[in-house]
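Asker: Chains as they are written, first to last, in this note's numbering: chain A, 1 to 316; chain B, 1 to 739.
By construction, these hints were calculated from the structure, which means they are not laboratory data.
Careful, some of the hints might be misleading.
On the chain A side, residues computed to face chain B include the following (Cβ under 10 Å) [to be verified]:
| # | residue |
| --- | --- |
| 1 | 105 |
| 2 | 123 |
| 3 | 142 |
| 4 | 232 |
| 5 | 236 |
| 6 | 238 |
| 7 | 301 |
| 8 | 312 |
| 9 | 313 |
Bear in mind that the values here come from a model prediction, so they are computed numbers and not experimental data.
The beta carbon of each residue, even a glycine, is placed where N, CA and C say it ideally should be.
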Amino acid sequence: MKPFTYERASSAADAADKAGRAPGSKFIAGGTNLLDLMKLQIEAPNHLIDINGLDLDKIESMPDGGLRIGALVRNTDLAADMRVRRDYAMLSRALLAGASGQLRNKATTAGNLLQRTRCPYFYDTNMPCNKRQPGSGCSAIGGYTRQLGVVGVSDACIATHPSDMAVAMRALDATVETVRADKSSRAVPIAEFHRLPGDTPHIETVLEPGELITAVTLPKAIGGKQYYRKVRDRASYAFALVSIAAVVQPDGSGRVAVGGIAHKPWRIEAAETNMLRGAKPVAEQLLADARPTRANAFKLPLVERTLAAVLAEART
Amino acid sequence: MKFETPAAQNPIDQLKVIGKPADRIDGKFKTTGTAPYAYERHDVAADQAYGFIVGAAIAKGRISRVDAAEAKRAPGVIAVVTTLDMPRLGRGRMNAAYLFGGADVQHYHQAIAIVVAETFEQARFAASLLRVDYARAQGRYDLAEESKRAELKGEDTDEGTSAPPLQRTGDFEAAFAAVPVKLDAEYTTPDQSHAMMEPHSSLAVWEGDRLTLWTSNQMINWGKGDLAKTLGIPEQSVRLISPYVGGGFGGKLFVRSDAALAALGAKAARRPVKVALTRPIMANNTTHRPATIQRIRIGATPEGKIRAIAHESTSGNLPDGKLETAVSQTRLLYGGANRMTSMRLALLDLPEGNSMRAPGEAPGLMALEIAMDEMAEKLHMDPVEFRIMNDTQVDPENPQRPFSYRNLVGCLRLGAERFGWSRRDPTPAMTRDGQWMIGMGVAGGFRNNLLTKSAARVAIDKAGIVTVTTDMTDIGTGSYTIIAQTAAEMLGVPLDHVRVLLGDSNSPISSGSGGQWGGNNSTAGVYAACVKLREAIAQNLGFNERDVLFADGQVRSGNRALSLAEAAGDPGLSAEDGIEYGDLGKKYQQSTFAGHFVEVGVDVATGEIRVRRMLAVCSAGRILNPKTARSQVIGAMTMGVGAALMEELAVDKRLGFFVNHDLASYEVPVHADIPHQEVIFLDEVDPMSSPMKAKGVGELGLCGVGAAVANAVYNATGVRVRDYPITLDKLIERLPEIV
Ligand SMILES: Cc1cc2nc3c(=O)[nH]c(=O)nc-3n(C[C@H](O)[C@H](O)[C@H](O)COP(=O)(O)OP(=O)(O)OC[C@H]3O[C@@H](n4cnc5c(N)ncnc54)[C@H](O)[C@@H]3O)c2cc1C
Ligand code: SF4
Numbered sequence: 001m002k003p004f005t006y007e008r009a010s011s012a013a014d015a016a017d018k019a020g021r022a023p024g025s026k027f028i029a030g031g032t033n034l035l036d037l038m039k040l041q042i043e044a045p046n047h048l049i050d051i052n053g054l055d056l057d058k059i060e061s062m063p064d065g066g067l068r069i070g071a072l073v074r075n076t077d078l079a080a081d082m083r084v085r086r087d088y089a090m091l092s093r094a095l096l097a098g099a100s101g102q103l104r105n106k107a108t109t110a111g112n113l114l115q116r117t118r119c120p121y122f123y124d125t126n127m128p129c130n131k132r133q134p135g136s137g138c139s140a141i142g143g144y145t146r147q148l149g150v151v152g153v154s155d156a157c158i159a160t161h162p163s164d165m166a167v168a169m170r171a172l173d174a175t176v177e178t179v180r181a182d183k184s185s186r187a188v189p190i191a192e193f194h195r196l197p198g199d200t201p202h203i204e205t206v207l208e209p210g211e212l213i214t215a216v217t218l219p220k221a222i223g224g225k226q227y228y229r230k231v232r233d234r235a236s237y238a239f240a241l242v243s244i245a246a247v248v249q250p251d252g253s254g255r256v257a258v259g260g261i262a263h264k265p266w267r268i269e270a271a272e273t274n275m276l277r278g279a280k281p282v283a284e285q286l287l288a289d290a291r292p293t294r295a296n297a298f299k300l301p302l303v304e305r306t307l308a309a310v311l312a313e314a315r316t
Numbered sequence: 001m002k003f004e005t006p007a008a009q010n011p012i013d014q015l016k017v018i019g020k021p022a023d024r025i026d027g028k029f030k031t032t033g034t035a036p037y038a039y040e041r042h043d044v045a046a047d048q049a050y051g052f053i054v055g056a057a058i059a060k061g062r063i064s065r066v067d068a069a070e071a072k073r074a075p076g077v078i079a080v081v082t083t084l085d086m087p088r089l090g091r092g093r094m095n096a097a098y099l100f101g102g103a104d105v106q107h108y109h110q111a112i113a114i115v116v117a118e119t120f121e122q123a124r125f126a127a128s129l130l131r132v133d134y135a136r137a138q139g140r141y142d143l144a145e146e147s148k149r150a151e152l153k154g155e156d157t158d159e160g161t162s163a164p165p166l167q168r169t170g171d172f173e174a175a176f177a178a179v180p181v182k183l184d185a186e187y188t189t190p191d192q193s194h195a196m197m198e199p200h201s202s203l204a205v206w207e208g209d210r211l212t213l214w215t216s217n218q219m220i221n222w223g224k225g226d227l228a229k230t231l232g233i234p235e236q237s238v239r240l241i242s243p244y245v246g247g248g249f250g251g252k253l254f255v256r257s258d259a260a261l262a263a264l265g266a267k268a269a270r271r272p273v274k275v276a277l278t279r280p281i282m283a284n285n286t287t288h289r290p291a292t293i294q295r296i297r298i299g300a301t302p303e304g305k306i307r308a309i310a311h312e313s314t315s316g317n318l319p320d321g322k323l324e325t326a327v328s329q330t331r332l333l334y335g336g337a338n339r340m341t342s343m344r345l346a347l348l349d350l351p352e353g354n355s356m357r358a359p360g361e362a363p364g365l366m367a368l369e370i371a372m373d374e375m376a377e378k379l380h381m382d383p384v385e386f387r388i389m390n391d392t393q394v395d396p397e398n399p400q401r402p403f404s405y406r407n408l409v410g411c412l413r414l415g416a417e418r419f420g421w422s423r424r425d426p427t428p429a430m431t432r433d434g435q436w437m438i439g440m441g442v443a444g445g446f447r448n449n450l451l452t453k454s455a456a457r458v459a460i461d462k463a464g465i466v467t468v469t470t471d472m473t474d475i476g477t478g479s480y481t482i483i484a485q486t487a488a489e490m491l492g493v494p495l496d497h498v499r500v501l502l503g504d505s506n507s508p509i510s511s512g513s514g515g516q517w518g519g520n521n522s523t524a525g526v527y528a529a530c531v532k533l534r535e536a537i538a539q540n541l542g543f544n545e546r547d548v549l550f551a552d553g554q555v556r557s558g559n560r561a562l563s564l565a566e567a568a569g570d571p572g573l574s575a576e577d578g579i580e581y582g583d584l585g586k587k588y589q590q591s592t593f594a595g596h597f598v599e600v601g602v603d604v605a606t607g608e609i610r611v612r613r614m615l616a617v618c619s620a621g622r623i624l625n626p627k628t629a630r631s632q633v634i635g636a637m638t639m640g641v642g643a644a645l646m647e648e649l650a651v652d653k654r655l656g657f658f659v660n661h662d663l664a665s666y667e668v669p670v671h672a673d674i675p676h677q678e679v680i681f682l683d684e685v686d687p688m689s690s691p692m693k694a695k696g697v698g699e700l701g702l703c704g705v706g707a708a709v710a711n712a713v714y715n716a717t718g719v720r721v722r723d724y725p726i727t728l729d730k731l732i733e734r735l736p737e738i739v
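Generate the whole structure from the sequences, applying the supplied hints.
Answerer: Shown next as structure tokens:
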């Protein structure tokens, strides 16, 4: 861990302002991802701005019927919130499928969205990795890729985004609210928030340097049966091989977002028009441009089969 | 005490304390954080500094330069020792790879430097400032590829499995050709990591030329010798202390880099130095269970009698490394007149392969017991009955040599009854419970019982408190407790009147903990010392040794009775002795047996496999403490589930290293994976084994479990997977369609 300086922010705007003035700084929320990465010097900020204690830890009902989730709401609290459980059940399920009870007690909404990939080569600083060290190459391609991405991949990087929460939020059409160093704020639809790797896998979101997430908003509840089905090698405490967040309406229409297969939660709205025809045409469209490796090609049938199981359950 | 004839009636048979489910003596310390591990011995030396080990960034080659200037200038740094500062260290008897010294890199994350600083964080940061130039060399990393060039090799491990390069009994080829029902199949098991909780750690303190090392090691006496050899100092100058070990599974049988580099770091810093390996370097810096490629052929008569059986195994290692003796149980488990086993070693430049819990038998049975399941199916026989039909009471290679005691049949029969085996549909993929395809599987379990000498000192003080001292270790197994139970039984005192001091190389040399030999041998050594002490007491008091009785804290003879405290008197009394074995282990084949039963559910859509329930029935001699023994077995069963369903060190065959080198990516079972386990010990004694009439059990619990899971998956799905671990990607293309 590289030595760093540390300070606490007094407000969201103050945090963004401080970050804007300190290049190489990072916000620290729950620290459950950032500190691990700092110990391995995968992240090496010279300055930490602690945002814990800021007034960003509330879940508020909004006049339009939606929900505004503060950036610092802990995963445990979000999953347990009665409104979330009633109106956005897949979000609660996604959160509870992630990490462990202890980690969820610390992990925050914003931190979860910004957690970094679990590509094992990214985690080994002896190995070339375009995401960790731009331009150094990608060790994963041609190596051990069982967990890695199958769609939206590039020649520079095939890593996945590991969050469960973000997949549910994508299906729910969430919006990410931020404040920038110049105190201006904006709202970014989650579809546009995470980026595909392209030639710059180290740039993972549209956030600008110093930009602070203040909240995530969910639009008015859409009803339907809601699912989050996470497929993994062991029963708990493992990242998804594939996960499906789905809403199925009584008429059979619905929405699907997929985790574990791409650099961002994967959703193609056009594919959902096929929901009434079953999992196969939806999966085919979602995965039309897939470029799997030999070791992770199983994710393609797995997406289809898992979706089929979810749709079958929705019919009962 | 020399143990040369079968044990007769002796005080252990009273079973007042032995055989009782006593709580672990160290349990309350471990659960309250008051059992100090090596890295926490802040109390034993002032001025401790922290060492941080740097691992090589390449798998094979040479280090041309190390620039430590910046690291040395970093805040808090006291000393930096790099591998170029000295020639290669010596190599311990038990090690294949060198631990440190010189320019050559033999494997990824081999230690190349230690940075010593005032704090751990300073040492770690300074370590990142080392600049190392490497010259990479071509390496061999692909077992399947190198197996084509692998040569026949025998192995006689220190852990009780052995096999010559090629062993033939009868005429395998002719018999195999002649029988009507046969199987010829290949199985693979992957490299596995011990993944114990406590990382390897050591605190080194020099006083002049004498080194004291608080460490985490299973085998104190091996460790003392090998550390001396590694450092090139006399054995008498080394003291090892390891009273608490946070798991080892074979990964701490040997001296590792933490020990050597704590010693070198402390020398350079002129300060006590402590070192713990960090999790990410453990998989490649230390040892692992080597992967295997196994071919099994079995031929039987239509009635199910095995006439021919062959097991061939290839594993890889560094040139001086040992083989995984995966064929050794096949020499003994089932009958059949025509037999062949062989082993080959492929040369690899991966990290050192070495012992992991039940070396040889664990991966060997993962293959053999699938093969037996496949044969049973070909014969249209129940797999329990097929195994029973081929039971043998003698060493099949040497039929005049009987087993000392063998009740595999009892394990299988009782297990089948208790598990509800009759409810299993022998036709695969027939049983459903909602989304789950349900299957049951069985496997035979087998692990040899090792006899190895072990000594102890037993003393009584004037308060009547008994103290047992031995260099035995407790690696979470319950050694403290069963040793105390042994002394309490022998001397007729309550358990809480016995103190047990373990893990110090100044103490009498014990068997140590490994190869499931610790329980039987270390208690037999304590038994021997207790016998000697009883004799001394009787003699002191002028009692007739024959009719003296130790009970209720008293020594009695006829109508005379004295408390033990009085008998010990002011100066106290003490005796030292050990157990040594004659040739009962040669005349009789001594082994332990199990029947493992597993029920799994396989998600029909995703192929996720979840164990629903497990049962192990064990035939392992006298059970000294059913509670600690059960804990050993359920832990081992859990490890077997890991081996079957998830554990695999993924090899990068281009770069030559284990890629998933942390506990996020090397998955072992979590609680949610293990819903229900049951263990039954058959009520038995084995008087050929030792005066305790006990045998090992800690590894038996693992042997066969993986195959029982695999067979259950087959019964659930009809998909036979012969390459471990059995993950959903190996099933998914062959599962029923989902509509
Ligand atoms: C062992 C383990 C298992 C896990 N398993 C899962 C799993 O199964 N599924 C899953 O989804 N996740 C899993 N996680 C990841 C976990 O969900 C994340 O670590 C956690 O959500 C991160 O939140 P945090 O508040 O601790 O973030 P931090 O570690 O504090 O921060 C993460 C990043 O976000 C930035 N950041 C934080 N807050 C803000 C803000 N308001 N504005 C801008 N930037 C910000 C930080 O600068 C940092 O770059 C696991 C983690 C661990 C350690
Ligand atoms: S896949 Fe991405 S994260 Fe992984 S090594 Fe390649 S560039 Fe790095």
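Asker: The structure should be examined with respect to each hint, and the outcome stated for every one.
Answerer: A quick look at each hint next to the structure:
1. Taking 10 Å as the C-beta contact cut-off toward chain B, the hint placing residue 105(A) at the interface is violated, the least distance being around 18 Å.
2. Among the interface hints, the one on residue 123(A) holds; its C-beta lies about 7 Å from the nearest C-beta in chain B, closer than the 10 Å criterion.
3. Taking 10 Å as the C-beta contact cut-off toward chain B, the hint placing residue 142(A) at the interface holds, the least distance being around 7 Å.
4. The criterion of a C-beta within 10 Å of any C-beta in chain B is met by residue 232(A), whose closest approach is roughly 7 Å, and the hint holds.
5. Of the supplied interface hints, the one on residue 236(A) holds, with its beta-carbon coming within about 4 Å of a beta-carbon of chain B, less than 10 Å.
6. Because the smallest distance between the Cβ of residue 238(A) and any Cβ of chain B comes to about 6 Å, under 10 Å, the interface hint for this residue holds.
7. Here the hint on residue 301(A) is kept, as its CB sits about 5 Å from the closest CB of chain B, short of 10 Å.
8. The closest approach between the C-beta of residue 312(A) and any C-beta of chain B is roughly 7 Å, which is under the 10 Å cut-off, so the hint is satisfied.
9. Interface hint at residue 313(A): satisfied, since its Cβ lies 8 Å from the closest Cβ of chain B, which is below the 10 Å cut-off.
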